[in-house]
Amino acid sequence: MPALFRLAFDRRLPPGFAVIGVSRRPLSDDQFREMMCKAVEEFSEDTKVDPDVWRGFAEGLFYVSGDFNNKQLYQDLGKKLEEVEAARHSGGNVLFYLSIQPSQYATTALGIGSAGLNQGNGWRRLIVEKPFGHDLASARELTDELHKVFDENEVYRIDHYLGKETVQNILAFRFANGIFEPVWNRRYVNHVQITAAESIGVEGRGGYYQEAGALADMIQNHMLQVMATIAMEPSATFRAPSVRDERSKLLRSIRPMTPDEIGANTVPGQYGPARIGGEDEPGFRQEPGVNPDSQTETYAAVTLFVENWRWAGVPFYLRSGKRLPKRVTEIAIQFNPAPLHIFNGDSGDTAPNLLIVRIQPEEGISLKFLSKRPGAGMNLRPVSMDFNYGSSFGERSPSAYETLLLDALIGDATLYTRQDMVEASWAVVEPIENVWHETKHDFPNYPAGTWGPQASDEMLARRGHEWRKP
Amino acid sequence: MSTHLSPDRILGDLANLWANLGKQGTPETGMGVLRACSMTLVVIAPPSEEFSALQETIKNLMPEHPARTIVVCLRPEAKELSSRINAACWMPFGQRRQICCEQIDITAPEGSLGDVATVIAPIAAADLPLVLWCRCQGVAESSEFERLAKMAEKVVVDSGAWPDPAAAIQRLAELHARGITLGDLSWTHLTRWREMLSQVFENPMYAAHLPEISRVRVRFSATTMRVMARYMGAWLVNALEDAGVRVELTFEPGAKEPGVELSGADFRVELTREQDRMVTTVGQLSNQASLPEYTDCSLLREELSILRPDPTFERALKTATQLAVRRET
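Here the protein sequences line up with chains A and B, keeping their order. Throughout the first sequence, residue numbering follows our numbering, covering 34 to 503 in sequence. Throughout the second sequence, residue numbering follows our numbering, covering 142 to 470 in sequence.
It is worth saying that the hints were derived from the structure and are not from the lab. From the three backbone atoms N, C-alpha and C, an ideal C-beta is built for every residue, glycine too. Hints may contain errors.
Here are the simulated BS3-like pairs of lysine-lysine, each with C-alpha atoms no more than 30 Å apart in a straight line [said to hold, decoys possible]: (1) B/Lys397 <-> B/Lys459; (2) B/Lys291 <-> B/Lys459; (3) A/Lys181 <-> A/Lys113; (4) A/Lys104 <-> A/Lys181; (5) B/Lys200 <-> A/Lys502; (6) B/Lys200 <-> A/Lys405; (7) B/Lys291 <-> A/Lys405; (8) A/Lys81 <-> A/Lys112; (9) B/Lys291 <-> A/Lys502; (10) A/Lys71 <-> A/Lys81; (11) A/Lys181 <-> A/Lys282; (12) A/Lys473 <-> A/Lys405.
Which residues of chain A face chain B? A partial, calculated answer using Cβ under 7 Å [said to hold, decoys possible]: (13) Gly155; (14) Arg157; (15) Ser232; (16) Ile309; (17) Gly310; (18) Gly311; (19) Glu312; (20) Pro358; (21) Lys359; (22) Glu395; (23) Lys405; (24) Gly423; (25) Gly482.
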């Protein structure tokens with residue numbers, strides 16, 4: 034709702050735009066408006082609730098209550114849609130956004146279909162949030178259910194990482210400039226590290242998280258999508274099918290691991306208790322709602338290889354974890370060292386060339402290289418050229434949800450995940466998950482506030498690499 | 142009892158600080174600020190620290206070694222960890238944009254260095270070296286210190302301020318043995334002395350007298366120079382040993398002027414500090430060069446210039462440890 038309000042604030046929504054909230058809880062339209070006003074005030078990070086804008090926006094807020102398993106709900110929703118269409122001349126275009134339990138996606142979509150709400154005067158689209166299944170078979174099953182009601186081009190699987198400005202900027206960075214693509218390949222890139230670190234724990238979501246784990250919660254979706262954006266081939270055009278085809282192709286080029294390879298190329302972890310900044314922090318197993326013997330991973334690190342001519346032999350290291358030292362999401366592309374070291378050890382640093390794409394916080398791009406320190410002798414030091422979104426453009430960046438919702442409204446699916454991408458991601462992740470589930474892990478294996486298990490460092494060390502400390 | 146200090150909050154405050162500084166102008170108009178950072182410099186200050194002097198030292202270091210400086214102030218009266226951030230800016234001559242460095246001051250109760258270490262790891266600047274300047278002898282001797290030291294590319298101490306030189310050298314040798322790259326301002330003090338002595342023996346005529354040298358005398362005055370004297374002795378023993386010369390080394394505490402003398406049957410080289418000059422005497426010839434008093438800033442500037450391990454220092458430290466043991470036995 035904050036994202037929609039911001040779009041209204043920026044006059045990006047048409048005058049007849051309306052939102053119909055649907056849930057079990059009985060509420061009147063006015064009560065719903067009041068609740069949404071509070072939510073917008075609380076969660077809008079940088080948008081003050083202008084009373085005049087809010088008044089106009091709130092006139093388009095409506096509410097229907099009911100049980101998603103009851104067909105009556107969809108009849109009521111249909112009536113409400115007709116009323117709103119008549120009253121606000123919305124043109125019959127309807128976007129259904131399912132922000133509900135994933136287990137309810139299929140039921141709800143079928144309910145929408147049973148009431149004929151998937152067809153009307155205008156377009157009909159459906160947004161669903163991750164997780165898109167819990168393995169390859171369930172992802173396919175979900176897709177089959179959704180396709181009974183909506184065509185694939187009407188299904189928008191939202192992954193908010195792809196809506197972030199910096200992730201979109203990867204495409205601009207790579208394909209709008211001539212200087213990077215020539216070195217964007219196995220000849221020049223030594224390896225790639227993608228880190229999505231959270232400093233917080235499960236924050237009351239222990240019950241949910243226990244069922245998911247870092248691999249399914251982060252790597253299967255967000256991180257593989259980011260990897261696909263970094264590694265994909267240039268698309269012929271910047272149109273949704275073309276860009277999504279390339280992303281999908283890349284995901285399908287990732288070599289799935291055999292069970293034998295999984296031990297050496299993946300590391301699960303779970304945080305234990307620790308004292309951080311003067312406060313005792315609980316381990317995952319001490320979090321409310323978590324089984325004291327839980328085998329769920331709060332950290333996952335994987336080494337992936339892309340089997341194509343561009344990337345053959347280049348390791349892509351992905352890691353994600355909770356209770357790591359800081360909240361940061363970054364992509365680091367490490368380039369090969371100079372072929373000949375004419376400045377020997379006496380000359381100082383041998384830090385590698387790095388291109389860092391910071392997704393959050395402080396979105397931007399940095400290029401690290403060695404430079405001579407001023408003064409006598411040839412002493413080298415790493416220096417950095419930085420581009421920072423916050424300071425380079427004097428304007429606010431839209432939130433990921435603003436971008437993605439607006440895209441869905443205008444029918445641009447470029448930044449949404451397609452069925453074949455979901456399946457390709459599961460094909461990579463499922464074998465790992467299967468092995469991890471069959472293994473009794475010696476958890477916890479990293480203290481909260483550290484960069485993960487030692488085994489993760491060893492995984493990189495086997496190839497002569499080491500994790501950055503972002 | 143200390144309360145929580147959130148690294149994310151500190152980083153958020155830093156981001157806001159730069160966003161606000163960035164609003165002061167635009168690159169096109171030549172206004173605004175440039176954020177400069179070539180390392181993370183962590184300074185551990187003792188409770189007795191005179192902060193205005195320390196602040197002045199940091200400020201003077203920044204143009205040559207721009208850094209994210211984290212000053213950890215250990216205070217017995219502090220009940221909790223707290224932090225404050227600010228930016229130090231300067232206007233380079235002839236330019237219209239200020240250059241700014243960020244500083245994070247962390248106040249911590251004494252004995253909470255372990256808690257501080259968990260905060261420093263996430264707030265250190267990524268991909269840049271971290272240098273730890275420990276101005277607190279008690280801290281350097283603690284076990285918690287090693288956790289912090291292991292994060293650093295280099296740890297700089299001033300063993301001259303430690304009351305027991307033998308213990309100071311022993312502790313530094315222990316840290317070195319654990320793989321920590323060290324710098325000691327007591328050693329940095331000797332750079333000019335070592336240069337001057339080396340220059341003497343660059344002359345082939347004097348180098349020919351090297352085998353004649355049989356005695357080395359190191360004189361020092363203040364108690365703060367005891368470690369320095371041992372380093373000088375150790376370095377000379379090593380250097381002469383490399384030339385195939387074994388010498389008898391003696392230390393003379395309480396001398397009026399600090400100095401060093403190398404002597405043999407018919408050959409003598411002496412370096413003496415006289416106020417702000419260094420007097421070099423070779424046989425009957427004598428020469429004077431300027432040798433201004435060192436400041437923390439000038440010493441640290443030199444230490445920060447080279448972050449890699451210094452094999453000459455490490456060897457001198459090892460020899461100094463043996464000298465200390467020999468003296469004790």
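Verification of the supplied hints:
1. With a C-alpha separation of about 29 Å, the suggested pairing of B/Lys397 with B/Lys459 holds against the 30 Å cut-off.
2. Pair hint B/Lys291 plus B/Lys459 holds up; C-alpha atoms about 20 Å apart against a cutoff of 30 Å.
3. Distance hint between A/Lys181 and A/Lys113 is fulfilled; the C-alpha atoms sit about 24 Å from each other, no more than 30 Å.
4. For the hint pairing A/Lys104 with A/Lys181, the CA-to-CA distance comes to about 17 Å; that is within 30 Å, so the pair holds.
5. Annotation: proposed proximity of B/Lys200 to A/Lys502 holds, straight-line Cα distance about 27 Å (limit 30 Å).
6. Annotation: proposed proximity of B/Lys200 to A/Lys405 holds, straight-line Cα distance about 23 Å (limit 30 Å).
7. In summary, the hint linking B/Lys291 to A/Lys405 is supported, as the alpha carbons are separated by about 26 Å, within the 30 Å threshold.
8. For the hint linking A/Lys81 to A/Lys112, the alpha-carbon distance of about 34 Å lies beyond 30 Å, and the restraint is violated.
9. The suggested pairing of B/Lys291 with A/Lys502 holds, with an alpha-carbon distance near 14 Å, which does not exceed 30 Å.
10. Pair hint A/Lys71 plus A/Lys81 holds up; C-alpha atoms about 12 Å apart against a cutoff of 30 Å.
11. Between A/Lys181 and A/Lys282, the direct Cα distance comes to roughly 26 Å. Compliance with the 30 Å bound is thereby established for this hinted pair.
12. For the proposed pair A/Lys473 and A/Lys405, the alpha carbon gap of about 51 Å is over 30 Å, so the pair is violated.
13. The beta carbon of A/Gly155 is not positioned within 7 Å of any beta carbon in chain B (closest approach about 42 Å), and the interface hint is therefore violated.
14. Contact between A/Arg157 and chain B, as hinted, is not supported at the beta carbon level, the nearest pair being about 41 Å apart and thus beyond 7 Å.
15. Interface hint status for A/Ser232: upheld, as the beta-carbon distance to the closest one in chain B is roughly 5 Å, under 7 Å.
16. The criterion of a C-beta within 7 Å of any C-beta in chain B is met by A/Ile309, whose closest approach is roughly 5 Å, and the hint holds.
17. The beta carbon of A/Gly310 is positioned within 7 Å of a beta carbon in chain B (closest approach about 4 Å), and the interface hint is therefore held.
18. Annotation: interface hint on A/Gly311 holds; nearest CB of chain B at approximately 4 Å, less than 7 Å.
19. This hint holds: A/Glu312 has a C-beta 4 Å from the nearest C-beta of chain B, less than the 7 Å allowed.
20. Interface hint at A/Pro358: satisfied, since its Cβ lies 4 Å from the closest Cβ of chain B, which is below the 7 Å cut-off.
21. Against a cut-off of 7 Å between C-beta atoms, the interface hint on A/Lys359 holds, since the closest Cβ of chain B lies about 4 Å away.
22. With a least beta-carbon distance of about 5 Å to chain B, the hint placing A/Glu395 at the interface is held under the 7 Å criterion.
23. Proximity of A/Lys405 to chain B is violated relative to the hint, the smallest CB-CB distance being about 12 Å (cut-off 7 Å).
24. At a threshold of 7 Å, the smallest CB-CB gap from A/Gly423 to chain B is about 5 Å, leaving the interface hint in force.
25. For A/Gly482, the interface hint holds, the least distance from its beta-carbon to any beta-carbon of chain B being 5 Å, beneath 7 Å.
Taken one by one, the earlier hints fail for this structure at numbers 8, 12, 13, 14 and 23, listed in ascending order.
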